[in-house]
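Chemist: Residue-level listing of the chains:
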Amino acid sequence: MSLLTPQRPTEGAHTHSAATMVPDQSRAERRASFDPADFAVPHGREEEWRFTPVDRLGPFFRDEAAGADADWHEELPEGVTLSTMPVADWQALGVPRPQDRAAAVAAARSGGVAVVDVPAEAELTEPVRLRLSGDGSDLVHGHLLVRVGRFARATVVLEHAGTADCSEVLTVLAGDGSDVTLVSVQEWDDSAHHLAQHDVVVGRDATVRHIAVTLGGGVVRLNTNASYTGPGGSFEGLGVYFADAGQHLEHRLFVDHEAPHCRSNVEYKGALQGETARTVWVGDVLIRAAAEGTDTYELNRNLILTDGARADSVPNLEIETGEIEGAGHASATGRFDDEQLFYLMARGIPEDDARRLVVRGFFASVVARIGVPEVQERLMEAIERELAGEVAA
Amino acid sequence: MSTLEIKDLHVTVETEQGTKEILRGVTLTIESGQTHAIMGPNGSGKSTLAYSIAGHPKYTVTSGTVTLDGEDVLAMSVDERARAGVFLAMQYPVEVPGVTVSNFLRTAKTAVDGQAPKLRTWVKDVKEAMADLRMDPVFAERNVNEGFSGGEKKRHEILQMELLQPKFAVLDETDSGLDVDALRVVSEGVNRAKDKTGAGVLLITHYTRILRYIQPDFVHVFVDGRIAEEGGPELAERLEAEGYDRFTAAGAGA
Chain C
0 MSLLTPQRPT EGAHTHSAAT MVPDQSRAER RASFDPADFA VPHGREEEWR FTPVDRLGPF
60 FRDEAAGADA DWHEELPEGV TLSTMPVADW QALGVPRPQD RAAAVAAARS GGVAVVDVPA
120 EAELTEPVRL RLSGDGSDLV HGHLLVRVGR FARATVVLEH AGTADCSEVL TVLAGDGSDV
180 TLVSVQEWDD SAHHLAQHDV VVGRDATVRH IAVTLGGGVV RLNTNASYTG PGGSFEGLGV
240 YFADAGQHLE HRLFVDHEAP HCRSNVEYKG ALQGETARTV WVGDVLIRAA AEGTDTYELN
300 RNLILTDGAR ADSVPNLEIE TGEIEGAGHA SATGRFDDEQ LFYLMARGIP EDDARRLVVR
360 GFFASVVARI GVPEVQERLM EAIERELAGE VAA
Chain H
0 MSTLEIKDLH VTVETEQGTK EILRGVTLTI ESGQTHAIMG PNGSGKSTLA YSIAGHPKYT
60 VTSGTVTLDG EDVLAMSVDE RARAGVFLAM QYPVEVPGVT VSNFLRTAKT AVDGQAPKLR
120 TWVKDVKEAM ADLRMDPVFA ERNVNEGFSG GEKKRHEILQ MELLQPKFAV LDETDSGLDV
180 DALRVVSEGV NRAKDKTGAG VLLITHYTRI LRYIQPDFVH VFVDGRIAEE GGPELAERLE
240 AEGYDRFTAA GAGA
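Chains C and H are the protein sequences, given in the same order.
Using numbering that gives the first Met the number 0, the first residue of the first sequence is number 0, and each one after it goes up by one.
Using numbering that gives the first Met the number 0, the first residue of the second sequence is number 0, and each one after it goes up by one.
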């Protein structure tokens with residue numbers, strides 16, 4: 000399997016692009032580099048940082064080794080191996096490059112990549128579990144590579160908890176015909192800061208699901224990028240987030256359709272409660288000229304439970320070929336629907352129970368599709384706890 | 000034997016043009032087992048009466064009383080009214096995404112009865128009630144009102160009336176938008192629930208058509224926020240022949 004990033008065939012294919020477009024107007028123009036020096040320290044007005052409280056993230060942008068090591072705990076099903084790899088070897092695999100300074104620093108300064116290998120044609124019945132628990136405010140670099148061999152089937156659950164400043168780069172290489180589910184759970188304490196770049200490289204005819212569950216953290220910013228090495232690939236990006244007062248939870252997705260006849264589907268749902276609760280969702284989809292037969296859809300819904308919370312939602316769709324199956328996006332942010340509440344209460348259901356039903360129902364469509372029962376159950380319990388906190392307050 | 004008593008009820012609503020009085024002194028007493036039809040032209044305040052009884056926050060009661068066996072209904076929250084035995088079948092039931100009909104019905108039944116229904120009898124009751132209303136069993140696993148046709152929504156409302164067994168049911172234009180077959184099925188459901196529990200029914204309608212299937216004991220003509228005329232079933236027949244013109248002209252002249 001070649002994981003080398005294919006040549007961009009679109010240069011000059013469209014006469015309008017050079018003549019009428021301001022550079023960097025296409026998502027494809029965004030800088031990507033292994034060298035931290037290629038990125039200036041962000042001041043917060045850049046397109047990719049404009050929603051993020053960069054003033055709280057100073058240590059993430061210093062081009063130096065982290066002061067502490069990440070404390071990982073792993074559970075590996077039989078046949079799965081964990082090893083380390085020098086950063087240079089990781090780069091030589093042709094992996095997607097870091098797209099911002101924090102990711103570039105984390106990748107360059109990590110001191111080594113933790114590599115999880117799932118052999119070809121393995122059919123895992125238990126998930127691979129990786130758990131990062133932070134216990135301090137020192138910066139830690141997390142650098143991970145998950146390689147799933149061709150025709151293998153694997154689920155990887157990556158959990159983050161405790162408190163830390165965690166800068167993370169995760170690459171998932173899904174071999175041809177493989178079936179991969181990666182669940183990333185962010186259940187940080189409120190003092191934690193977490194910046195992450197997750198790159199998912201979908202092999203030919205592979206199916207990859209990336210699921211982000213973000214329930215806690217002072218600042219969490221998870222950038223998930225999907226690309227395809229050949230036709231027939233399918234990427235599903237699911238996300239659930241619940242922001243309380245003082246939390247900034249940000250999810251950015253970029254699905255880069257370059258290979259033909261691939262599919263992508265992104266669905267993120269978030270709830271916000273508390274005066275200063277803040278969420279950001281940015282969903283970029285690019286269908287390049289060569290990506291004929293692409294079928295893509297992205298959706299973001301936000302439910303604002305209390306006054307003062309703010310949700311930003313920015314779907315972007317760029318299409319460079321008309322020969323596609325479908326492309327669409329939808330975004331809606333709304334307050335809690337009082338008519339739903341009235342309807343349920345008019346059937347005798349007390350207000351707290353009615354609110355819980357509505358919020359559970361709001362998340363249900365995404366949660367049901369996670370497909371990992373232990374994660375689904377824990378998530379619904381966590382949502383119950385979040386709501387119980389609101390009711391008590 | 001229960002009594003729902005509405006006395007000199009005045010209700011306002013906030014509009015862009017300011018506070019508007021919609022109900023201007025409504026007095027009406029309903030006993031268990033009775034069916035009262037409230038008929039009137041659009042905008043006469045019929046639905047406001049229904050929602051005010053149920054406690055919708057959009058409506059402000061400025062004076063008057065609503066009591067159920069002497070208990071002050073207006074002092075109760077929306078859910079307390081439902082648990083006290085007041086049911087509103089809505090004209091436009093809202094969707095509740097992600098909440099299945101079966102989960103919703105069980106939660107509501109548990110809330111109204113104060114305890115969870117016995118599983119075996121409950122499943123059977125739901126199945127039978129759905130079959131009686133010609134509802135496909137797969138309905139139970141659909142989300143509440145999501146993607147329901149107009150007729151399905153109304154059947155679902157009456158299904159709830161049959162299962163929750165209220166003392167008094169207010170049916171807000173349950174007949175609107177129904178074809179004749181659906182109207183018959185829904186009306187049978189109302190009559191079944193009434194026969195079973197002896198509930199009192201306040202039937203709000205624009206048309207006389209539903210009164211062929213649900214026999215009213217009393218007919219009240221509602222015009223301009225109050226009852227303009229009262230009578231027995233013969234009043235409905237007269238409205239059928241003459242329409243509301245007589246009342247609206249009088250209302251305009253007053």
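The set of hints was computed from the structure by calculation and includes no laboratory data.
For glycine and all other residues, C-beta sits at the position ideal for the given N, C-alpha and C.
Take the hints with a grain of salt, since some may be wrong.
Over 12 Å on every C-beta distance to chain H, these chain C residues come out as not near it, computed from the model [as the list claims (entries may be wrong)]:
| hint | residue |
| --- | --- |
| 1 | Thr-275 |
| 2 | Asp-294 |
| 3 | Asp-336 |
| 4 | Glu-338 |
| 5 | Pro-349 |
| 6 | Asp-352 |
| 7 | Ala-381 |
| 8 | Arg-384 |
| 9 | Gly-388 |
Among chain H residues calculated to face chain C with C-beta under 8 Å, some are [to be verified]:
| hint | residue |
| --- | --- |
| 10 | Pro-40 |
| 11 | Ala-53 |
| 12 | His-55 |
| 13 | Leu-67 |
| 14 | Asp-71 |
| 15 | Met-75 |
| 16 | Pro-96 |
| 17 | Gly-97 |
| 18 | Ala-110 |
| 19 | Val-111 |
| 20 | Gln-159 |
| 21 | Leu-162 |
A short, non-exhaustive set of chain H residues, derived as facing chain C with CB atoms under 7 Å [said to hold, decoys possible]:
| hint | residue |
| --- | --- |
| 22 | Asp-78 |
| 23 | Val-95 |
| 24 | Val-137 |
Chemist: All the hints need checking, so say for each whether the structure fits it.
Modeler: Hints, verified against the model:
With a least CB separation of 27 Å from chain H, C:Thr-275 remains clear of the 12 Å interface cut-off, as annotated. Its beta-carbon lying about 23 Å from the closest one in chain H, C:Asp-294 satisfies the requirement of being farther than 12 Å from that chain. Remark: the non-interface label on C:Asp-336 conflicts with the geometry, its nearest Cβ contact in chain H lying 7 Å away (cut-off 12 Å). Under the 12 Å C-beta cut-off, the non-interface status given to C:Glu-338 relative to chain H is violated; the minimum distance is some 5 Å.
Listed as outside the interface, C:Pro-349 is inconsistent with that label: its C-beta sits roughly 5 Å from the nearest C-beta of chain H, within the 12 Å cut-off. A cut-off of 12 Å between C-beta atoms contradicts the statement that C:Asp-352 is not in contact with chain H; the least separation is 7 Å. With a least CB separation of 17 Å from chain H, C:Ala-381 remains clear of the 12 Å interface cut-off, as annotated. Every beta carbon of chain H lies more than 12 Å from that of C:Arg-384, the smallest distance being close to 19 Å; the non-interface claim holds.
Look at C:Gly-388: its CB is around 21 Å from the nearest CB on chain H, clear of 12 Å, so calling it non-interface holds up. The beta carbon of H:Pro-40 is not positioned within 8 Å of any beta carbon in chain C (closest approach about 25 Å), and the interface hint is therefore violated. Given hint, H:Ala-53 at the interface with chain C, holds; its Cβ is 5 Å from that chain's nearest Cβ, closer than 8 Å. The criterion of a C-beta within 8 Å of any C-beta in chain C is met by H:His-55, whose closest approach is roughly 6 Å, and the hint holds.
Proximity of H:Leu-67 to chain C is violated relative to the hint, the smallest CB-CB distance being about 14 Å (cut-off 8 Å). Checking H:Asp-71 against chain C by beta carbon gives a least distance of about 18 Å; that is not within 8 Å, so the hint is violated. Because the beta carbon of H:Met-75 sits about 11 Å from the nearest beta carbon in chain C, more than 8 Å, this interface hint is broken. Because the beta carbon of H:Pro-96 sits about 5 Å from the nearest beta carbon in chain C, less than 8 Å, this interface hint is met.
Annotation: H:Gly-97 was flagged as interfacial toward chain C, and the flag holds, the nearest CB pair being 3 Å apart, inside 8 Å. At its closest, the beta carbon of H:Ala-110 sits 4 Å from a beta carbon of chain C; the interface hint therefore holds under the 8 Å criterion. A cut of 8 Å between beta carbons decides the hint on H:Val-111: the least distance to chain C is about 4 Å, and the hint holds. Taking 8 Å as the C-beta contact cut-off toward chain C, the hint placing H:Gln-159 at the interface holds, the least distance being around 7 Å.
Interface restraint check for H:Leu-162: the shortest CB-CB distance to chain C comes to about 10 Å, outside 8 Å, so the restraint is violated. For H:Asp-78, the suggested interface contact is upheld, since its CB lies about 4 Å from the closest CB of chain C, less than 7 Å. Proximity of H:Val-95 to chain C holds as hinted, the smallest CB-CB distance being about 5 Å (cut-off 7 Å). Checking H:Val-137 against chain C by beta carbon gives a least distance of about 17 Å; that is not within 7 Å, so the hint is violated.
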